[in-house]
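Below are the chains, spelled out letter by letter.
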Amino acid sequence: MMTTIFVYCCLYLAALVFVVACAVRAVFYARLPLHLRWELYPVPHEEAARVEHGGSYFEVTNWWEKPLRFNWIGEWKAMLPEMLFQKALWEFNRTLWFLSFPFHFGLYLLIGATGLLGGRAVLTLWAPGLMAGDIGMALRYANAVGFAAGAVLATVGALSLMARRLTDANLQIYTTAGDLFNLLFFIVTLGCLAGGYVDRPAGSPPALAVARGFITFDAGLHLPPLLATGLILSALLTAYIPMTHMSHFIAKYFTYHAVRWDDRPNLQGSDLARRVAEYLTYRPRWAAPHVGADGVKTWAEIASANPAQGGRK
Amino acid sequence: MKRQKLRLSDMSEEERKPLVHLENEELMPLPAPLDDPAKDHNWTPLSAQAQERYECALDDTIAVSIPQPKSREEEQELVRKFLSGLEKLFTKENNWTFLQPLLLTMEHCAKCQTCSEACHIFEASGRNELYRPTYRSEIVRRLYFKYVKRGGLVSAWQHGEIKLNWPLVARLIELSYRCNLCRRCAQTCPIGADNGLVAHELRKLFSQEMGIAAKEIHDNGSMLQLKVGSSTGMNAEAVKDNIAFIDEDISEKTGVEVKTPWDVEGAEILLIHNAGEILAWPENPGAFALVLNAAGISWTMSSELAGYDSINYGVWYDDAQFARVALKHAQAARKLKVKKIVLGECGHAHKALSVIADRILGGDLNIPRESSMTLLREIVVGGRLKLDPTRNNFPVTLHDPCNLVRLMGVVEPQREVVRKLCPQFREMEPHGVDNYCCGGGSGFAIMSGNNFPDWRFHVSGRKKLEQILNAFQDCLDPSIPKYICAPCSNCKGQFRDMLAYYDLWKRNSILYGGLVELIVNAMTDVKPGFIEWEWR
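Chains Z and S are the protein sequences, given in the same order.
To convert, note that position 155 of the first sequence is 190 in my numbering; the numbers rise steadily by one, no gaps.
To convert, note that position 536 of the second sequence is 563 in my numbering; the numbers rise steadily by one, no gaps.
Same shape as in the complex, but just chain Z (with noise of 0.2 Å):
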């Protein structure tokens, strides 16, 4: 069937355009010259007795001379209800987060339940007698459950958001038109996938059996027209998603480690000092007169220059 391939083609490569265009902006990012220090208080791999009220090593009379210490447990501590229950937007809006956990987490469920259905279409091709059993009938289950409450809280997360941007003046005039089209994709993907397969006519096959499809190119599968839909729509999604700023699950790797709790010194003979040294020969252009910049000098003669005093000093 030309359908199912497309949709497998379409699915496949939408996990390559993710990967890759995830790779090439994480890349991006990460080979941005080190910038000055801009850290913000409290950074949370201080050591634990300064982390409770935010302090810094600066507060360690001749901090310099004593072994610093990375506390990975503090940094753990503060990223993982981070990334799982978005702990600032708790702490910081609370009417929001009841609108962008459900959608957050409904995905996270969605994407844990794909993962899991995987899974099982693999092992049910490789150990089917494993899966025969009570084993696979719970994964089954954990699976559905998965599947049934993602679907339900991204969906209805997905729409309250739409909502408060379409009805939240605060939120009105900074709210584009892509951002508007991001959550309709979501929500016509959603609404496809949902009724692609609860309204799925009798024969179809069941998720398993399309799971096990994709992964063995099964080109004799037939998928219902809403269902095929939706996942033509979620591979779409995939591949968007790198594209625009709801990528910031990668961002946030570097606003929070490279910038907000980058609070590593210029200890003598650091990597920091090699790196620094380099951008001290680039040759800004910057136009003011009391810069000094003419493309010429470089950034370490500009900063020796005194331009009140007319030379360099």
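FYI, nobody ran anything at the bench for these hints, they're computed from the structure.
The reader is advised that the hints may include incorrect statements.
What the hints assert, rightly or not - In the DSBU-like style, the derived pairs of lysine-lysine whose C-alpha atoms are separated by at most 30 Å in a straight line are:
id	chain 1	residue 1	chain 2	residue 2
1	S	K108	Z	K332
2	Z	K287	S	K173
3	S	K119	Z	K287
4	Z	K101	S	K413
5	Z	K122	Z	K112
6	Z	K101	S	K364
7	S	K447	Z	K101
8	S	K242	Z	K332
Take the given structure of chain Z and dock chain S to it, following the hints.
Then chain S, alone, in the frame of chain Z:
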């Protein structure tokens, strides 16, 4: 004038009239004794001369005094320069210093407005749209996608449209000076976007490309400091004379001989004050000298260019000026072969030299920097002075300078001192890293041109004023002297002007001062009454 809902497109409005006007009744209410908006000060209108000469089309005030272009051609040239600067902000050769955080903020804001609730200016203005942290950023974001990323119709559909013209650029210049750069907004952003950084980068664009900056921080600030050594205008001889006078005065007042050491090679500590202290609050450097000598510390001051003035206004608007001053500070320390630099009570100087300059101070210029808060805690808690807390038995609250606390993580040392020495200490709420800016941050405390102080006291300082009044609600009676401990020169400048504006010394006996003054006031070896309960 009835408040209208502002749109982003209003920034491009050709008609040169202010986009917003604030009435006292619209502002965030204040507690007693300032709870009646009808009794609040009227705003001074901008003079006819200022309106004729400068771009005044943003709100009720002006901070930068941008001359009005004389022709369309001149306007177009300024817009061309703006675009040129905008592109440079996003290249590593021109802006490696902040490119990564700026790009992340440009490309990933979810426009959820969580930051707005954290912004004291937005809240104090009565939630006026113009002062929402994302209002400024969203305009820059749209310009970025349109002119830097060269997005076409699809980009405009995805990211939004904006019309670029001179009125928009002129308003953006002013709007970049309606943010204290306190970064409280960034602290709450779930994504980690930083609207304070956007204001900072805009100021850089205007200064580094177009040569436009508030004159108080550029001409009379960093340029003057690089010319004579201090933004106060004091050269080395003048500062030595003033310090000698202060030493004499403090010796007489305290009964303890005070002598400030100058240019002592090999001293353990180079102490750098904000030189504004020497002129405006001489008791602060005097108290430092007394405490350090009494504690037996090996220290010195430097008479090198900028070596006696820790201010670094470049940190608010210009990377080149910032780096130049930071290098001067480090060079002064290197020349004296000191073990470390200790920064006096100045918040932005702390952040500039200790944190932001850290990565450009390499080799033998990488001399350790330490906060005076830490040193004073060491002296007080370490028992190196004889202290009697009952001498400080009056209500004291502690202001957290943003640069020292949220942006550097020095939170507890000053608290340990105040808790030990002040029996009636009470915190403001919120405090520590969640504090609110004094309203004078990012240069506002020294910007008093036209009617800008009206905006500074009614809007940017309003939240802090509320906190102060709340902290002293149980003792507003003028017979009880009260002390705001503000270990930062710029914050003190804001408090001085704001308390005077609202007459809170006369009406409620609310005074302000530094941390080290509380220490000397509690020293038993010193004549009682170091803190003088009189307005200055």
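For each hint, the structure was consulted:
no. : hint               : verdict
1   : S:K108 with Z:K332 : holds (21 Å)
2   : Z:K287 with S:K173 : holds (24 Å)
3   : S:K119 with Z:K287 : holds (21 Å)
4   : Z:K101 with S:K413 : holds (29 Å)
5   : Z:K122 with Z:K112 : holds (11 Å)
6   : Z:K101 with S:K364 : holds (21 Å)
7   : S:K447 with Z:K101 : holds (26 Å)
8   : S:K242 with Z:K332 : holds (26 Å)
Violation of the numbered hints given earlier is absent; every hint is satisfied by the structure.
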